[in-house]
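*Asks:* Each chain, written out:
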Amino acid sequence: MTMTADFLRTVLTRVQAAGFDQAEVIGVSSEATEMQIDAGDVSLMRNTENIELMLRGISKGRYATLGLNQLDDESVAKGITKLREAAESAPFDEARAFAPRFSSSPVSDGPVEPSLDDMYAKISGFVTTIGRHYPELSLEQSALKFERDRQVRVNSQGLETDESEGFYSMNAMFSSKRGEKASSFNFAGAVSQDLSKELINWGAVERVISNSVKEIDHAPFVGKIQAPVILTPEVAFEMIGTWFSHLEDHRLIAGTSQLEGKLGQQVASPLLTVRVEPVGSEFARHEHTTGDGYPSRPSVVVDKGVLKTYLLTDYGSRRTKLPRAENSFVNRVIDAGDSALEDMIAKVPKGLLLARFSGGIPAANGDFSGVAKNSFLIENGRVTTPVSEVMISGNAFDLVNSISAISRERVNDGTTLTPWIKVENLTLAGG
Amino acid sequence: MLDLSALKSEVVSGTDYSEVRYQENRDFRLTLLNGQLIGNSQESSRGISARAFSGGYWGFSSHSSPTRESALKALREASRNASFLGGKKAKKAGLVNTQASSFERNYASQVAAVTTGHWIDFLKEMDATIMSRYPALKSRAITLVSLDMEKQVLTSNGTTLFSMVPRAHLHISMTKDSVHGPVMSRDVRGGLGQLQDLVSLDVSTYDAWLEKIYQMVSEKAEGVIPQAGTHDVILDADLAGILAHEAVGHTVEADIVLGGSVARELLGKSVASPLVSLVDFAHTYDGVATPQPVHVDDEGVAAKDTVIIKDGVLKTFMNNRETAHHFSQEATGHARAFLFSDEPLIRMRNTAILPGTSKMEDMIASIENGYYLNKPGNGQADTTGEFMFATCFGYEIKNGKRGRALRDTTISGVAFDMLKSVSMISDDFSWESSGYCGKKQPMPVGMGGPVIKCRVQVGGQ
Chain A
66 MTMTADFLRT VLTRVQAAGF DQAEVIGVSS EATEMQIDAG DVSLMRNTEN
116 IELMLRGISK GRYATLGLNQ LDDESVAKGI TKLREAAESA PFDEARAFAP
166 RFSSSPVSDG PVEPSLDDMY AKISGFVTTI GRHYPELSLE QSALKFERDR
216 QVRVNSQGLE TDESEGFYSM NAMFSSKRGE KASSFNFAGA VSQDLSKELI
266 NWGAVERVIS NSVKEIDHAP FVGKIQAPVI LTPEVAFEMI GTWFSHLEDH
316 RLIAGTSQLE GKLGQQVASP LLTVRVEPVG SEFARHEHTT GDGYPSRPSV
366 VVDKGVLKTY LLTDYGSRRT KLPRAENSFV NRVIDAGDSA LEDMIAKVPK
416 GLLLARFSGG IPAANGDFSG VAKNSFLIEN GRVTTPVSEV MISGNAFDLV
466 NSISAISRER VNDGTTLTPW IKVENLTLAG G
Chain B
3 MLDLSALKSE VVSGTDYSEV RYQENRDFRL TLLNGQLIGN SQESSRGISA
53 RAFSGGYWGF SSHSSPTRES ALKALREASR NASFLGGKKA KKAGLVNTQA
103 SSFERNYASQ VAAVTTGHWI DFLKEMDATI MSRYPALKSR AITLVSLDME
153 KQVLTSNGTT LFSMVPRAHL HISMTKDSVH GPVMSRDVRG GLGQLQDLVS
203 LDVSTYDAWL EKIYQMVSEK AEGVIPQAGT HDVILDADLA GILAHEAVGH
253 TVEADIVLGG SVARELLGKS VASPLVSLVD FAHTYDGVAT PQPVHVDDEG
303 VAAKDTVIIK DGVLKTFMNN RETAHHFSQE ATGHARAFLF SDEPLIRMRN
353 TAILPGTSKM EDMIASIENG YYLNKPGNGQ ADTTGEFMFA TCFGYEIKNG
403 KRGRALRDTT ISGVAFDMLK SVSMISDDFS WESSGYCGKK QPMPVGMGGP
453 VIKCRVQVGG Q
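Chains A and B are the protein sequences, given in the same order.
Numbering follows this note's numbering, with no gaps: position 32 of the first sequence is 97.
Numbering follows this note's numbering, with no gaps: position 401 of the second sequence is 403.
Next comes chain A alone, as it looks inside the complex (with noise of 0.2 Å):
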């Protein structure tokens, strides 16, 4: 049985006869091939197939999903069975319901087959520069890999979606080496339509990279200071990803979220522009349909430090009475900034460059700790030393709010485009 928009229509039909109102059948097809490298050379190549058909329905307000890889007919049987067992007993909930129709067509991004033969070209290529131009560095678990996927959604409400898409991703575990001295782990990704570029020039694999090497000689941070920290693009969205929290469904619904009621207003530093570009050229996946089903159009989510939309589902939305989310948060932009990364870190008398945030998941209220990893001091307006052991901590709200300087320059990684920003006041302890 092939995942086509017949089968779907046939088992949405089944899922309504067996007493839902509303109804929604999602099937995805997926193909993988992979090339992986271990311990420093390719090691494994694989390629998966699966199936996965995903049903929800509501009955009387009474809601359930239930996912199942198989679709032979006793096995969407028993699903169907288990979902109306599942929703019988869900409590009433006047939130749930599914996606109107919209006028879509079926849309097919990307290349359809990948190239083996190019695929080890560019994974056994990056071996080989890695082994000329950094021989202190060891790669660990890192794999090139092709995708192919196929969505395709029915629902009762007349909606109709199918999508596909092709993709290469690479991603790159390493850590670097001299004698006895090591650097911390890192790691570096980057996703694209096609093999035209070496691996080592997507993204800033490259500068990741070369910075690996330079952290073997790091040294303990010691001491406590109040200290200004520039967020390379590789860290940047994470440490703002606590703020983005309040922004979704769990806290506003469970009404924790520190950014309820803030739309329209000044929540963050006027440098700060975040917008959405869901189907943006220069990204090399595209969202069509929201997870949700809804048309996905882009969106500016913060302008100058202004509050525009909450990142809201249809669920949460109808939850909460705010409004839904024009798409599912993909292919994420922060506006480039007039500041030039040099004259930022020129003025810098003392603070970090963080590459990557080792830490534990920020307290309702925004505070957070954590270690400050792959990182360098910034001393007299330059970047110094590699640091180790040094603990970082602040607040997320705070922390939106204490961006001074935005770069010019930024990087594409292949789903989000980010400057350099620089924040105030984080504490730096060691020691």
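Be careful, since some hints might not be right.
As the list claims (entries may be wrong) - Now the stretches of chain B that chain A is said to cover, found in silico as 3 or more residues with beta-carbon under 8 Å:
no.	stretch
1	86-95
2	138-145
3	201-210
4	307-321
5	372-384
Calculated from the structure, these hints are not laboratory results.
Glycine residues also receive a C-beta, built at the ideal position from the N, C-alpha and C atoms.
Since chain A is already given, all that's left is putting chain B on it; use the hints.
*Replies:* Relative to the frame of chain A, chain B by itself:
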């Protein structure tokens, strides 16, 4: 269900080593947030995979259709993938061989399953109890979650395995307002077994537990942030377990060692206080099944306890067949895959620091100015041995006595320095088993330990 043993002749042909695996994962999740059922989902994922080792390379293939034809196709494709890489460049690598064995173990419940409806009624009753008893709460969430993992493995050296290992947990979180903004406390119960084995439908059996979580969030609302810096601390058993896993365990996984882990140079050397012994248990501790029992791994290797640190000395790494051959060490059953479509990786199973002889009250009394930390959050390791993990609750210790409660913080250190600072270990022990270890694939693991006294970096003001 497909009988893999019928494929014996196909598995042995054409490659240096091959294996075929049938696997099904069954997930169940219910989440009640402030009385609303925001999560009501069940998911099943099953299929066939095959892996082949030929000419020093691995080939892997998986298909979701669990049929004999798919198994044969996966075996052909795995062999073809290994040959593709071998055809590009010659490579020297080998595997250790092990004795063929046959093993079956099913940890499925002997108690009848409870319907989703009864679980939802249980959650609603518990939520109503929390709401009526603790009206000062700003938010509450209750989650029931279970994962059944069923596997059949057949290897080319003749080993066959059938296992069904379930785990189930009940999570509760409570959030309260404070002058510092909202604070949250959470706790979890569960472990090896299915929901009906581990969770009673009688809400009153949880009275003391609910009171404890409410007490924590109330004290935390009045709590302080620690002073940033290096301190003497008492780490409760749950934290000792995550310490064993994050700070030590990852650095001695042999694939991480090959990737540059600092542990490579430390084999046979003193890396910890002589008080410290650390073991990755296969399936049994103190005569009882561990939270994540592994009897035979996904490469068909019989699982044994791996003594990593004995009396402070680093003894061995954790290996799969390939790294055991590379390091001339024993393969003790660490190769595990999360989904049918995943290849086995070197994973921890049930990693624990062994108990000592000290008493908790003496340990606290021995600290003039420090912290007692007792609820773990997430954690992360490093090839350098530098680790961090979040702690979600604790107390100041002043002049040998418990002081004010603590809000969330993070602790860090360099594993093999910190372990040398361990000066007391308690005589009790407990397991924590609700988390997933992340390493390309997620994986359920057990983490255990006693209470330990040591010096670590504490994040804070």
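*Asks:* All hints are to be evaluated individually against the structure, with a verdict given for each.
*Replies:* Outcome of the hint check:
Coverage of the stretch 86-95 of chain B by chain A holds. Counting CB-CB distances below 8 Å, 6 residues qualify, and the rule asks for three or more. With 3 residues bearing a CB less than 8 Å from a CB of chain A, the stretch 138-145 of chain B meets the requirement of three and the coverage assertion stands. Residues of the stretch 201-210 of chain B lying with their CB closer than 8 Å to a CB of chain A number 0, which falls below the three-residue condition for coverage. Given as covered by chain A, the stretch 307-321 of chain B fails the check, having 0 residues with a CB less than 8 Å from a CB of that chain where 3 are the minimum.
Residue count for the stretch 372-384 of chain B with a Cβ under 8 Å from a Cβ of chain A: 4. That meets the three needed, and the coverage hint holds.
Hints 3, 4 from the earlier list are contradicted by this structure; the remaining hints agree with it.
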